[in-house]
Structures are given as C-alpha cells and as structure tokens.
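Q: Take these sequences, add in the hints, and give me the full structure.
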Amino acid sequence: MAEPIIQIDNIHKNFGRVQALRGVSLTVDQGEVVVIIGPSGSGKSTLLRCINRLEEYNSGSIIVDGIPLDSAQHINTVRREVGMVFQSFNLFSHLSVIDNLILAQMQVRKRPKAEAREVALQLLNKVGIPEKANAYPGQLSGGQQQRVAIARALAMNPKVMLFDEPTSALDPEMIKEVLDVMTALAAEG
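Note that the sequence shown covers residues 750 to 938 in the working numbering.
There may be inaccurate statements among the hints.
To be verified - Straight-line C-alpha distance at most 27 Å; calculated DSSO-like pairs for lysine-lysine:
| no. | residue 1 | residue 2 |
| --- | --- | --- |
| 1 | Lys908 | Lys862 |
| 2 | Lys908 | Lys925 |
| 3 | Lys908 | Lys859 |
| 4 | Lys875 | Lys859 |
| 5 | Lys925 | Lys793 |
| 6 | Lys875 | Lys925 |
| 7 | Lys875 | Lys908 |
| 8 | Lys793 | Lys908 |
| 9 | Lys875 | Lys862 |
Stated by the list, open to error - Label-pair ranges, simulated between beta-carbon atoms:
| no. | residue 1 | residue 2 | range |
| --- | --- | --- | --- |
| 10 | Thr826 | Glu937 | 36 to 46 Å |
| 11 | Thr826 | Glu914 | 20 to 30 Å |
| 12 | Gly790 | Lys862 | 40 to 50 Å |
| 13 | Phe764 | Glu922 | 28 to 38 Å |
| 14 | Gln871 | Asn763 | 18 to 28 Å |
| 15 | Ala863 | Asn763 | 18 to 28 Å |
Hints were generated in silico from the structure; no laboratory data involved.
Since we're looking at a predicted model, the values are computed, not measured.
The beta carbon of each residue, even a glycine, is placed where N, CA and C say it ideally should be.
A: Okay, here's the thing in structure tokens:
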C-alpha cells in the first residue's frame, strides 16, 4: 500500500491559553480530495497553516510525502511541494498577473524566465483567464483574482494543494467559477 501524502498525528496548537487544535489526526492518500468543514474559529485555517508550517504546532507530528516537519531543512523542502491558496488571494498588486505567476517559479524553482512565462500562460489558460495575463490584480474580479492565486500555486508543480476558504470573499457567481476550476483540478488528480 502506498504511503499517505499527508499524515497528521495528534496535533495540538495553542494561541496563549486558547486551544486551537486538540489531538487532531488525519491521513490523506495520494489523489484523495478532503474537505474540512466547521464553524468560524474551529481551527480549519490553523490546521492548514500547520501542514505548511506557516504556524508552529505545540505537539504531535506532521509528515508530508514522507518528510517529517521537524527541521528547517525539511520545512523548506515540504513548502516547495505544497501549494497554498489563501482566502485573501495574496497577489502582488504592483505586478501584472503574468509576473505574479512567474516570480516564485524563478526564485524557488530556479526556472528560466522564458520557461516560467510559458508555464504561467498554460496555467492561465487552464483556469480560464488567458486574456488577463497583462492585467493587474486591481483590474480583476474577486473570482479572477482567486483563479490567478490558484494558477500561481499550481505553477510550482505541488504534490499537495491546500485551499483555505477559497470562496469566502466571493459572490455566488464567482464562487461557481472558482469551484469549477477546483473540481477540474481534483478530477485531474
């Protein structure tokens, strides 16, 4: 049997006296789609941030693609393999859409600019907004900005994609657009 892509065992996370996560355990197999639901403040975002080690947890263990998150070297390795899409998009407003997609590829993956640009254009096509390559984030709808954020995460060729409330700031029509992109991605594996 294949090793799980994510293995979380007995994670605890406190913010001062507030216990955000208590004994959370979860196993996610390669190709599996998992949705974590719960009310605001229940720890969903905290758990995702712990998986990518954007938050330190107090105890327990997390293993991503066989790599334990127990050292700075391992953390950086895992971050290169885990795509994260935040509810607030986190696009660089002073960069065009295409440059938002190229930047991390060049800095983290060390791709030449021409190759990074080609990957970016393919991904903009995949998320349905190739005509927005030269636009700036402020010129896009919320749904379009979220699709750029998804394309940016995919540009890193991640083994795992984490979505933190990707539709929370969108109107119903934009929600459908983003969910359609996510559904297509899940179908591709």
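Q: Indicate, hint by hint, whether the structure satisfies it.
A: Here's how the hints hold up against the structure:
1. Between lysine 908 and lysine 862, the direct Cα distance comes to roughly 22 Å. Compliance with the 27 Å bound is thereby established for this hinted pair.
2. Using a Cα cut-off of 27 Å, the hinted pair lysine 908 and lysine 925 holds, with the two alpha carbons roughly 25 Å apart.
3. A C-alpha spacing of about 18 Å is found between lysine 908 and lysine 859, which places the hinted pair at or below 27 Å, so the restraint holds.
4. A threshold of 27 Å between alpha carbons decides the hint, and for lysine 875 with lysine 859 the separation of about 23 Å falls inside it, so the pair holds.
5. In summary, the hint linking lysine 925 to lysine 793 is supported, as the alpha carbons are separated by about 22 Å, within the 27 Å threshold.
6. Of the pairs offered as hints, the one joining lysine 875 and lysine 925 holds, with about 16 Å between alpha carbons and a cut-off of 27 Å not exceeded.
7. Simply put, lysine 875 and lysine 908 have alpha-carbon atoms about 18 Å apart, close enough for the 27 Å limit, and the pair holds.
8. Of the supplied pair hints, the one linking lysine 793 and lysine 908 holds, its CA atoms being roughly 20 Å apart against a limit of 27 Å.
9. Only pairs whose Cα atoms come within 27 Å are accepted, and lysine 875 paired with lysine 862 is accepted, the gap being roughly 20 Å.
10. Roughly 24 Å separates the CB atoms of threonine 826 and glutamate 937, a value that falls outside the hinted 36 to 46 Å.
11. Judged by the Cβ atoms, the range 20 to 30 Å given for threonine 826 and glutamate 914 holds: they are separated by roughly 26 Å.
12. At roughly 43 Å, the beta-carbon separation of glycine 790 and lysine 862 lies within the given 40 to 50 Å, and the hint holds.
13. Range check, phenylalanine 764 to glutamate 922: Cβ separation about 36 Å, and the 28 to 38 Å hint holds.
14. Look at glutamine 871 against asparagine 763: about 43 Å separates their beta carbons, and that is not inside 18 to 28 Å.
15. Judged by the Cβ atoms, the range 18 to 28 Å given for alanine 863 and asparagine 763 is violated: they are separated by roughly 47 Å.
Violated hints for the displayed structure, listed by number in ascending order: 10, 14, 15.
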